[in-house]
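Enquirer: Now for the letters of each chain:
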Amino acid sequence: MLFTRNKADSSKVSTIMATKQKRYETLVHALHGDIFRYAYWLVRDKSVAEDIVQETFLRAWRSLDSLKDEKAAKSWLITILRRENARRFERKQFDLVDIDDVSVTDDAPSHEAGLADNELHRHIASLADEYREPLVLQVMFGMSGEEISAQLGLNKNTVMTRLFRARNQLKDLLENADSNNQSRGSKNG
Amino acid sequence: MDDLEFRRTIYADPNSKDEALKVAAKQDPKKQQFWNEVKKLDADIKQQLHAEVPQDLAHRIVLQQSLQQHQQLKSRQPWYVAMAASVALMIGISFTLLNAQPIDLAEHALTHVNLEGDSALNANEHVNLQQLNAKLASMGGKFDDDIGEIYFANYCDFDQVRSLHVVLKGEQGRVTVFIVPHNPQFALKSHFADSRFIGQGIDIGKATLLVVGEKTEPLFKTTEKLQKHLLFSA
Numbered sequence: 001m002l003f004t005r006n007k008a009d010s011s012k013v014s015t016i017m018a019t020k021q022k023r024y025e026t027l028v029h030a031l032h033g034d035i036f037r038y039a040y041w042l043v044r045d046k047s048v049a050e051d052i053v054q055e056t057f058l059r060a061w062r063s064l065d066s067l068k069d070e071k072a073a074k075s076w077l078i079t080i081l082r083r084e085n086a087r088r089f090e091r092k093q094f095d096l097v098d099i100d101d102v103s104v105t106d107d108a109p110s111h112e113a114g115l116a117d118n119e120l121h122r123h124i125a126s127l128a129d130e131y132r133e134p135l136v137l138q139v140m141f142g143m144s145g146e147e148i149s150a151q152l153g154l155n156k157n158t159v160m161t162r163l164f165r166a167r168n169q170l171k172d173l174l175e176n177a178d179s180n181n182q183s184r185g186s187k188n189g
Numbered sequence: 001m002d003d004l005e006f007r008r009t010i011y012a013d014p015n016s017k018d019e020a021l022k023v024a025a026k027q028d029p030k031k032q033q034f035w036n037e038v039k040k041l042d043a044d045i046k047q048q049l050h051a052e053v054p055q056d057l058a059h060r061i062v063l064q065q066s067l068q069q070h071q072q073l074k075s076r077q078p079w080y081v082a083m084a085a086s087v088a089l090m091i092g093i094s095f096t097l098l099n100a101q102p103i104d105l106a107e108h109a110l111t112h113v114n115l116e117g118d119s120a121l122n123a124n125e126h127v128n129l130q131q132l133n134a135k136l137a138s139m140g141g142k143f144d145d146d147i148g149e150i151y152f153a154n155y156c157d158f159d160q161v162r163s164l165h166v167v168l169k170g171e172q173g174r175v176t177v178f179i180v181p182h183n184p185q186f187a188l189k190s191h192f193a194d195s196r197f198i199g200q201g202i203d204i205g206k207a208t209l210l211v212v213g214e215k216t217e218p219l220f221k222t223t224e225k226l227q228k229h230l231l232f233s234a
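Top line first, the protein sequences correspond to chains D and F.
Taking this note's numbering, the leading residue of the first sequence gets 1, the next gets one more, and so forth.
Taking this note's numbering, the leading residue of the second sequence gets 1, the next gets one more, and so forth.
Be aware that a few hints might be false.
No more than 25 Å apart at the CA atoms, straight line, and that leaves these computed lysine-lysine pairs for DSS-like [to be verified]:
#1 Lys171(D) with Lys30(F)
#2 Lys71(D) with Lys142(F)
#3 Lys46(F) with Lys156(D)
#4 Lys171(D) with Lys225(F)
#5 Lys39(F) with Lys171(D)
#6 Lys31(F) with Lys46(D)
#7 Lys225(F) with Lys142(F)
These are calculated hints, taken from the structure and not from any lab test.
So that you can see chain D by itself, here it is in the shape it has in the complex (with noise of 0.2 Å):
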């Protein structure tokens, strides 16, 4: 009785196992694009944004059963990844080195491979990330401003504020360096 009754759960507990598997890979095959391309935004960085990416999905796992809606999949993932990231900056507070042990570089975004030949490209990544990320928000998920604010938190009135700034200060940027072309131009000539 004990036996048979155990072979039933466990049969049972596999055929659960095994849809849990099924419904997490698709899941993965859905949006791993899509997460990837926000966290590369969020960090500019393809090599940490893959790092983020995969623990994402690992912690996507973990507590797979607590999303209850597919609709909702991608801005749980969101979540998920925008705390990952925040982890990532209290571990770094405490990878305290002494620089004269260290090469150091400048990794700006600027000076990444086939980063720096699109202007537009620079300037996106020069924002500051407060307006960088409604904006990705907006432009790249086609989120409403009442979705990207439950997203990041923020009240509607803020986000729209920083749209509009991202906007206006990529605006700025793209005449300014048109101007600094033009008068170039004229030196030259």
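Given chain D, work out where chain F should sit, using these hints.
Expert: Relative to the frame of chain D, chain F by itself:
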């Protein structure tokens, strides 16, 4: 709607469906032009945001999860696995302890002769002294003089110790001799017997000599002879 508010609203959301915006844009071509510019900018931004995703990222994510899953399953062994492991350990320890008990050479010698039966006792291989000494050499020993007829001489496994099993011509019948390299675990009796055989054990330093014969056999004569002629190199 004034120009500033129009610009602010469009900058905040170029895809706004606000009716007031549409009306304002319709009335003022400059506003419409501004809106178009911002939409163009947004299209450019969207293109730039579309970073390339590393190949195989999805597979690597799933792989890492599977590995971790496996790790967790391994660490969550059920109680009976731990139980089995500790039982196995106990058996291992007891086995080692039991094995450390002294080995009764007399008992082994008698058992060996009885079990081997007549195959060695009735052998007639006519081993000469040279051949016997060649076998003894691996133990560092040799006989310096003839010890009579040798019917059989071969290595055998004496409780996992390689030893030399020899059958000699005794005073009356055949005598079995075991030459066993010394081992501190061995317990030696000088005289022993069972229903058919009697035996003598002598410690000769580097080796132990066990001599077994029929009950009627005057073993001491063979033993004396062996002791006298068996020499071990330092």
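Enquirer: Each hint should be assessed against the structure and marked as holding or not.
Expert: Evaluated hints:
The straight-line distance between the Cα atoms of Lys171(D) and Lys30(F) is roughly 17 Å, inside the 25 Å bound, and the hint therefore holds. Between Lys71(D) and Lys142(F) the CA atoms are separated by roughly 91 Å; this puts the pair beyond 25 Å, and the hint is violated. About 22 Å separates the Cα atoms of Lys46(F) and Lys156(D), which keeps this hinted pair within 25 Å; it holds. Proximity of Lys171(D) to Lys225(F) is assessed by CA-CA distance (about 115 Å); at most 25 Å being required, the pair is judged violated.
The straight-line distance between the Cα atoms of Lys39(F) and Lys171(D) is roughly 12 Å, inside the 25 Å bound, and the hint therefore holds. A threshold of 25 Å between alpha carbons decides the hint, and for Lys31(F) with Lys46(D) the separation of about 39 Å lies outside it, so the pair is violated. Between Lys225(F) and Lys142(F) the alpha-carbon distance is near 13 Å, which keeps this suggested pair within the 25 Å criterion.
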